[in-house]
Amino acid sequence: MLIRRRTLLAASAAATVASPAIAQNYPRRAVQLIVAFPPGGSTDVGARILAAMAEKDFGQPITVVNKAGAGGQIGFTEIARARPDGYTLGFLNLPGMNTITLDPERKAAFTIDSFIPIVNQVLDPGFIWVKGDSPYKTLADLVDAAKKNPGKISACTTGILSDDHLAILMVQEAAKCEFRIVHFDGGAQQLTGVLGGHVDVAFDNVGSVFKRVGTEIRGLAVTDTQRSKFLPQIATTPELGMPSVISNSTRGVGAPKGTPADICKIVETAFLKAINSAEMKEKMDAVGLALKPMVGAEYAKYYADLQAQAKKYTEWALKMR
Amino acid sequence: MESLGHLLSGFAAALSWYYLLYALAGCILGTLIGVLPGLGPAAGTAILIPLTFSLDPTGAIIMLSAIYYGAMYGGTITSVLINVPGEAASVITCIDGHQMARQGRAGSALGIAAIGSFVGGTLATVALVVVAMPLASLALKFGPAEFFALMVAGLCLVVGLAGKNIMAALLMTVIGLLLALIGLDPVRGAPRFTFGVEELFDGIGFVPVVMGLFGVAELLLAAETRQTHMIEAELKSWMPTRQECKDCVGAILRGTGVGFVLGLIPGVGAIVPTFMAYVLEKRVSKTPERFGKGAIEGVASAETANNAYANAAMVPLLALGIPSSPTIAVLMGAFIINGITPGPFLFTEQPTLVWTVIASFFVGNVLLLILNLPLVGLWAKLLKIPFSYMCAGVLIFCIIGAYGLKQTMFDVWVMLGFGIIGYLLRKLDFPIAPAILALILGPMMEKSLRTTLEISGGSFAIFLDRPVALVLLTIPLIVIGFLVFKPRSLAPLRESDVE
Amino acid sequence: MRQGRLIATGAMLVFCVFAVWQSLLLSLTDRLGPGPGFFPFWLAVIGAVLAVALLITTFREAADPSDAETRILPHGEGGKRWLAIVVLLAAVTVAMEFVGFRIAMFAFNAILVIALGERRWWVIAVFAVLGSVGVYYVFTTWLDVLLPVAPFGF
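Protein chains in written order, with numbering that gives the first Met the number 0: chain A, 0 to 320; chain B, 0 to 498; chain C, 0 to 153.
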């Protein structure tokens, strides 16, 4: 009964919001930007930089809200459920978001159509690394160890069925080995986990740790077709003989389904301007995040294509269970 | 010695009048955030970030740190006056702080909280300068297994507080943990105990539950007896007396130690240190029976630990680049936006800035004390408001607090429901604090247990291999075992120990 | 008191047993390690055992003679005030969805202080306005806390 009334009200609220008068006034107050990963990870860092720079043009504060857990599902659910009035936006992490909708056990309360992709910000290649004093000097060392002791070498992800989890599955398939997979919530936990010696290897992204490479941590491989501009010294997986291991994460801003198109346009304009600015490039370079601006049809196509690709990986992962 | 030189030049910078002004403004704004409902310290700090955009990086960081400290203190005021914790870290302060207010000692409670916060914050900053950097890397050794053990130890210690009610306290802990599990499974994302109600996917909110169990329940209890004021007792004190301060010296020092050590471990959160310090204080006290009935040491220890924690939590942030609480994460975001990347390179790359900020931590703590001591009397005067208005005011406060965080009426219903439950539990003498702590720690506890088992491949033997975890797990369980099964030989000792 | 404790413990026992049943519907452990049902299942089992133990000890306790006087449920004059608060809270929660924070809160404040004994109409009016429109203004304008607005915009 409670729920029915709420839906009814949400519907009436949506109807009010859709009227052009509201869109003209947009934004009248602070906008929430939901990040489905914990503070300090690379999604969060990128989001905070974007929020801070976009809000100058936007005219209203953009507040980053972290809703972490279950590989982002908790946060994505929150975005999908939010009132589509433009005051709740969210970061869409692909392919993590795709895989969640494809795994029946998770009973996701959203589908890929619950979101409107507005503007992409980052393409962050996957990155495999170990602690600075780890016995594994190269990717081959690691894979050999995993072959000799199946299920004994622990490898951590930033959540179940995240791009990092898929990368582990790809390596397992390519090298016919088996890791013990540990799921953390985000990059900060991976860092404490591996540096503290609790986990052997991290499957991560370049952005979260590139500054630490060389001293505290040792990079083993970048899971991309080309070397990262931030880590030119680290070989890619195809160079190391694993051409099938290509995994990266893209992150952009989206809105819940039903958000009026003119509001999405206002968001797109403000955010794209911030993403294309020289200041953004400088700040993102400092934290090791590569920009990949995509909007409109290009982003929508990428978004749809990825769903098809993710389907294959998810089926793999489910078979493992 | 080199750091001392840096620190001195840091002081020279931090004491310039405009930085002092930023710190002062930050303290005032932060205290307001702590007092007002609907804004946790994290959300409040986030809202204020744009304020700092026009400042230079050092000024911005100084102001934001001051806001953070202010917010940590502000929650105390509502805990003492109306039994509503402004944020999680103030839950423990409610226990004795509000009892003190009921005895007309609100001034003493708020005063000792301000003094304790100052001492805890300052000593922790000294420790930060001297020993923190080497300790930070040691804290990394604290893995998921140790984390889980720490949570279990913490909960057991709180159960131990319940005295003769130990079985009920254990049961309340389990109920609190079960309530914490409502929502999406933090590892696999499967919905649990949600029955398709989408409001439950994100779990039962901590704020509405606490506002119900503490705030609304308190009003319902007060309404039942004819009252003209929320608190009938004459206001006896505006400031802690000399004797009260003397009684608290030990509590404040121990609180600082507990808060500092736990603050070094990323992810512990503000609430664990406060209740650990409180439990410790009750254990060492010669008169433990006064705890829960307005013991000033209880307020002093929890508040000191809270602020020592807040300062120590800067260590993993500055030294490792790891934010250890949501509020610190917001601060980290502000650091990054201002062009400062916290982490191991910060001290070598930008020493001037880091040491100025550390010096401003000292300055911020002093300002907070100067600001709050004179205001204590003013806050305590609020208790003179007639009951009918106080009642309506507190309810407005609770409604906004419950609704404001997620903007759903569902949370207001949760608050009302837990208000009635809290009223009944209080009447029936069921301890509430264990359930609250369990509700906060539940998700962290489950996550760390499951991560531990993922690391060990499902074997519980991992706890045997890790001495710290083993000690943390066994000692409290033995203590609880003794309290539950009451061996005869311990009976005389127990009599003085309980309640 | 003893009877009240027995009922409350019984209710918690039912809650725990229900939780045991619900967590059995989730997977306890599988190849990937402990599943979603693992932690809730064991917790609920421990909770149920504790509840049974508490029921037994409470049952065995000798009745305290002073118990008869402590009434658990509110009653008499105080009971009316108690009920007024609970009913008004429920009413304002329902009302806010339809008439918005300001109107609902205005009525709530006025009725509550009258129910608690205030009779000076001008004090009531000033308080009710400050506690509704005033509070709304402060929180939405300065603090960015959203408060409910009625479908008709107020």
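Careful: at least some of the hints might be erroneous.
[As the list claims (entries may be wrong)] Quick list of in silico lysine to any residue cross-link-like pairs, SDA-like style, CA-CA up to 20 Å:
hint	chain 1	residue 1	chain 2	residue 2
1	A	Lys136	A	Gly195
2	B	Lys383	C	Val122
3	A	Lys147	A	Met241
4	B	Lys140	A	Asp132
5	A	Lys310	A	Ala173
6	A	Lys318	C	Lys79
7	A	Lys300	A	Asp132
8	B	Lys140	B	Val130
9	C	Lys79	B	Tyr388
10	C	Lys79	B	Lys383
11	A	Lys106	C	Val122
12	B	Lys405	C	Val48
[To be verified] Covered stretches of chain B, as calculated for chain A (at least 3 residues, CB under 8 Å):
hint	stretch
13	182-191
14	196-204
Hints in this document: simulated from the structure, not taken from any laboratory. The beta carbon of each residue, even a glycine, is placed where N, CA and C say it ideally should be.
Hints versus structure:
Between the alpha carbons of Lys136 (chain A) and Gly195 (chain A) the distance comes to roughly 18 Å, so the proposed pair stays at or under 20 Å and holds. Of the supplied pair hints, the one linking Lys383 (chain B) and Val122 (chain C) holds, its CA atoms being roughly 16 Å apart against a limit of 20 Å. For the hint pairing Lys147 (chain A) with Met241 (chain A), the CA-to-CA distance comes to about 19 Å; that is within 20 Å, so the pair holds. The suggested pairing of Lys140 (chain B) with Asp132 (chain A) holds, with an alpha-carbon distance near 15 Å, which does not exceed 20 Å.
For a cut-off of 20 Å, the pair hint linking Lys310 (chain A) to Ala173 (chain A) stands: about 19 Å separates their Cα positions. With a C-alpha separation of about 62 Å, the suggested pair Lys318 (chain A) and Lys79 (chain C) falls outside the 20 Å cut-off, and the hint is violated. With a CA separation close to 43 Å, the supplied pair Lys300 (chain A) and Asp132 (chain A) exceeds the 20 Å bound. Of the supplied pair hints, the one linking Lys140 (chain B) and Val130 (chain B) holds, its CA atoms being roughly 17 Å apart against a limit of 20 Å.
At most 20 Å may separate the alpha-carbon atoms for a hinted pair to count; Lys79 (chain C) and Tyr388 (chain B) meet this at roughly 17 Å. Pair hint Lys79 (chain C) plus Lys383 (chain B) does not hold up; C-alpha atoms about 24 Å apart against a cutoff of 20 Å. Using a Cα cut-off of 20 Å, the hinted pair Lys106 (chain A) and Val122 (chain C) is violated, with the two alpha carbons roughly 54 Å apart. Of the supplied pair hints, the one linking Lys405 (chain B) and Val48 (chain C) is violated, its CA atoms being roughly 36 Å apart against a limit of 20 Å.
Under the rule that three or more residues need a Cβ within less than 8 Å of chain A, the assignment of the stretch 182-191 of chain B holds, with 9 such residues. Chain A is given as covering the stretch 196-204 of chain B, and this holds because 5 residues of the stretch bring a CB closer than 8 Å to a CB of that chain, at least three being needed.
Hint compliance for this structure: hints 6, 7, 10, 11, 12 are not met, and every other hint is.
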